[in-house]
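Starting from the known structure of chain A, arrange chains B and C on it as the hints suggest.
Take a look at the letters that make up each chain.
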Amino acid sequence: MAEMIIKNGVVYDPKNGIDGEKNEICIKDGKIVENVGAGAKIVDAEGCVVMAGGVDGHTHCAGKINTGRIMSPHDMRYAPIPGLSGEEPRTKLLRPQVGYNTPNTYAIGYRYSKLGYTSLAEAAITPMMARHMHEEFEEIPILDKLGLVLMGSNWQVMQYIQDKDSEKLKAYMAWLLLAARGYGVKIVNPGGGSSWTWGKNVSGLDDKVVDFDVTPADILIGLAEANESLNLPHSIHVHCNNLGVPGNLSTTLDTMKLLEKVKTKRDRQVMHVTHVQFNAYTGTSWMDFASGAQDVADYINKRDHITFDMGQLMFGPAMTMTADGPTEYRNARMFDAKWSNYDQELEDAGGVVPLSYTPQHFAHATMWSIGLELALLVKDPWKVMFTTDNPNGGAFVNYPEGQVLLMSDKKRQEIIAGFPDMTMDRITLPNIDRELGWGEIATMTRAMSAKMLGLDEKGHLGVGADADVAIYDIQPDKVDPSVEHEKVKKALSFAKYTIKGGEIVVRDGEITATPKGKVYWVNAYENGVAQAEKDRLMADLEERFKKYYSIQLANYMVEDAYLPRPVEIRPEVI
Amino acid sequence: MIETILISGRTIDQGATLEEKTSQAYFDAAAYCELNEKNLEALGLSIDQNVLVTTAHGTVVVPAKIDKRLPDDIVFIPMGPWANAVVDPDTCGCGMPGFKGVPATVEATTDPALSMKELMATYKE
Amino acid sequence: MPVIKDAVCTLCGCLCDDLEVTVEDNKITKVGKACKLGRAKTMGPFLHERIEKPMIRENGELKECSYDEAITKAAEILVAAKRPMSYGWCSTSCEAIEKAVLLAEETGSLIDSTANVCHGPSALAAQEKGAPTCSLGTPKNYADLIIFWGCNPVHAHPRHQTRYSTMAKGAFTPNGKKDRKMVVVDPRNTDTAKKADLLLQLKPGTDYVLIEALRAIVNGHEDVLPDEIAGMPKEKVLEFAEMCKAAKFGVLYFGMGITQTRGRYKSGDNVSSLISDLNQITKFVMIGMRGHYNVTGFGQVASWETGFPMAIDFSRGYPYYNPGETGTNDVLMRREVDAFITGAADPGAHFPQESIKHLFNIPAIQIDGYANPTTEFSDVVIPAAIAGVECDGTAYRMDCQPIRMKKLVETTFKSDEEILTDLINKVRELKGAEGAKGGV
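The listed protein sequences correspond, in order, to chains A, B and C. Once you know that position 39 of the first sequence is 72 in our numbering, the rest is easy, because the numbers rise by one and skip nothing. Once you know that position 15 of the second sequence is 529 in our numbering, the rest is easy, because the numbers rise by one and skip nothing. Once you know that position 329 of the third sequence is 331 in our numbering, the rest is easy, because the numbers rise by one and skip nothing.
Here chain A stands alone, though its shape is the one from the complex (with noise of 0.2 Å):
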């Protein structure tokens, strides 16, 4: 394949130790290499910003999102973001694009490119329905895609933590991973989408989950524990219980604590918690509720086993979707909005429900603030990664916004100063005057998503990694951002180079080549089970299958013909 430079960059690789150095990078046969021919393409990055392509570590983009999609006809005309929204008809390259919220498949893959992404974590699928996410995937352009797999709520895995079996537990989380063709343990609400399906929920951590003699407790350190003697690239990947609910803080920091105890051999977290910003109220209600984000970050200063991310708010209208399908219903009725529920026999529980977030409101005003609280006052980077839940804080094509506002505190103000009085006693940020950085920014966006993904060969632009670079049309020497957070927000919404895999496909702003990308998996199950407990798990599976499901256990793998391109993981086996 062909060579390449990119020359006169300034380049942030906060793995590598790089914080805005002008080095050139080359690249060849799609990988980052030492050195390249004189005949190498050149690429002029003109003193302009380099990084890795983005890593989004958790987002709603195919599976779960249809659902919103069918929900939504009206935001496949809405267009608040000229160039990454509405409708755009086809081309002589690209398909047609609809959506801000629930954009259609090539729109996600051609404007998350715009961005400067190039990788992707589908933040929830259950086992049952991850064909549907293959299938989307599979016409998501240009990204590298991967699924995390949900386990919290599922009877098996309940079964077999109350049965303190943790053999087969390991053995059926691994032949779930294979089955879905997921990549790690995503963990919604634990045990609460069980309960769910009678209408409940669980309450907090030491809660019995109905039906079951297991707390929300016991599901999050047997599926930890068996996650790192499994040795699976990523940690569990937490939603917690009481997601929305003010005074959930004490849930959130309880989790957190919970999890001091579990080991990893794996140069990374225990425990990456997800959209913090939801979880982090004090308070008893929603006329007292304030940020506990001062709390959270207190915490994780201190401690090394958790990684986060923040679940920023975005105002205007968003789309919830969630496998917390009590919240979900919570949030129908509450606001009166559309509701949509999906109970997955025997994995998980689910809701979609149409929400808006409006700076008038004192609550919303406090969501929007504690996001950034939880970014800004929590000290190294690499434990904090950026998103917004897209599309539940707000739509992915808002990231440039969200990461200006961590640069620019002048912005920040700006939007403070707009808000109702009763905002002001519940937050912080007023007075965190912190800017980050683009070494920062670049930990937060790609270089700590890949590392707690356990995606070595991401996020970086070492040798060895594979070439997925963004260029952004900003000279750090020349550009304050602090200042011109407009000017640096148009730079991270259209990139001045994407490139994947070693080819250009975005070009100032504008989608240059569409190749198909990869879809990266785990399977820990053929070298990681030993056959006497594979084949104990099959005996019980075949049971539960002929008891219980409504599809055959035959039919229930997803097969070879959903990935085209795998990327398959085996973890060693220790």
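Quick caveat, the hints were computed from the structure, so don't treat them as lab data. Watch out, some of these pointers could steer you wrong.
[As the list claims (entries may be wrong)] Quick list of simulated restraints, FRET-style, between CB atoms: (1) K55(A) - R318(C): 45 to 51 Å; (2) A563(A) - E26(C): 38 to 44 Å; (3) E78(C) - M571(A): 53 to 59 Å; (4) E66(C) - P599(A): 40 to 46 Å; (5) E237(C) - S236(A): 38 to 44 Å; (6) N221(C) - F368(A): 14 to 20 Å; (7) M571(A) - K84(C): 58 to 64 Å.
[Unchecked claim] Chain C stretches covered by chain B per the calculated footprint, using a threshold of three residues with CB under 8 Å from any CB of chain B: (8) 122-135; (9) 251-262; (10) 345-352.
Heads up, the beta-carbon is just placed ideally off N, CA and C, and yes, glycines get one too.
Same frame as chain A, but now just chains B and C:
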């Protein structure tokens, strides 16, 4: 003549002959009008004698059949070309025509029922 | 004799995947576990005639031609048209549907599925109020109250009650029917209703009124109810409401009685609201009884590719959607389309007379395994392999569960996917530089 409400819908035999719509089996499965005992008597009919079903949208001749559990004011024709000769095409601005609940009259007739191909041919303008 | 186990049935939205198919000399001779519908569908190619050769209509008669001639003629029709329409695509694989959508894009066509005459209004109801639903195996394990509203599974989904609902045995319903009550709401005392614990035989077209009455009761306002509701005494409606409130897990399966009757999509919209209200008291869900085995798949594929589940208009270059304006029967009755392509469906049999009249006026292309009423007005007919029997691919069950259909026998017929691919390539060739695009 009786005034009634026409409902069209699926039957298992109509479903089992979906792939052989040029056959006698499909005709037998989809070309008939079910009435209850009282209505058959009122029309002076036995089963398999023909009825003329008329609505604001068209007419169709099909053999009569009995469904003892039908209410007095409902008749049923399986979904298919014969029912569709008389259903309401109006989608009420939402896309769905009126396949059920069409006001109709039903009377005895000696006219023959049309085969599928004959029926389709009547649509050529 | 080789028996293929766990084969997927390709007739109705139950998408049963436990069929046992015996194949002898590349012929299916036996289908175990299937119902009458599934057996007829699976053995179809071996039981009756099929379209053997491509045909083009000349002087009113269909004449055999070569495959290339048929593809060329079909492509010419689509390219020459100002307002082409693509319809059907429900009795085929998702892989074929993706090609149908691409073809519609490339020809600036309208494209719609059989939901137009089936559960289209349910999509509209979901767009108004959302779809509070679940997978088919959930009621199997949990439900103690089964409601069939405006549907007749004994006829249209024969194995539904044994596999998924009334008789199904599960974790919290080990005794099947004995652990449940089954209620039917229907103006007719159908074969399903015969076995119901309660039949609400409402007057035709009064479904919305009955739903509204139930909502009033569930929300504590039964005092507003008149003595007669939807043609039934108030006491009957109260009895039904009490059953709903007393259930531990209720499921409302609904069909054409909700979508095709007087209220159209407003009935489904109101059912969604009723389900939300009931969830204040107990667990309740609704499930649409999708008719064809992959009409759900069309809605899924179309939604992820175009943003809309049906009634899509590509004439602007981007997808535009407005049922009532862009639905198949809407545009046919306005006589707006000047070319029509249909695959894996039979509009000739299932459209009202006014639409059929227009279909005789315009050039029409049919892609199907079997001759049917659509053949009567088609000008180009292309025989296709039967998906799920002669070629594999993905289908989505009525609860949106994707299952991979198997290929059971070898065939020389091209699949819908292959035919559509050939059509797309021919359309591009005819459109020349303007239509050229790399890679399908």
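Problem - Violations among the numbered hints, reported as their numbers in ascending order - result: none
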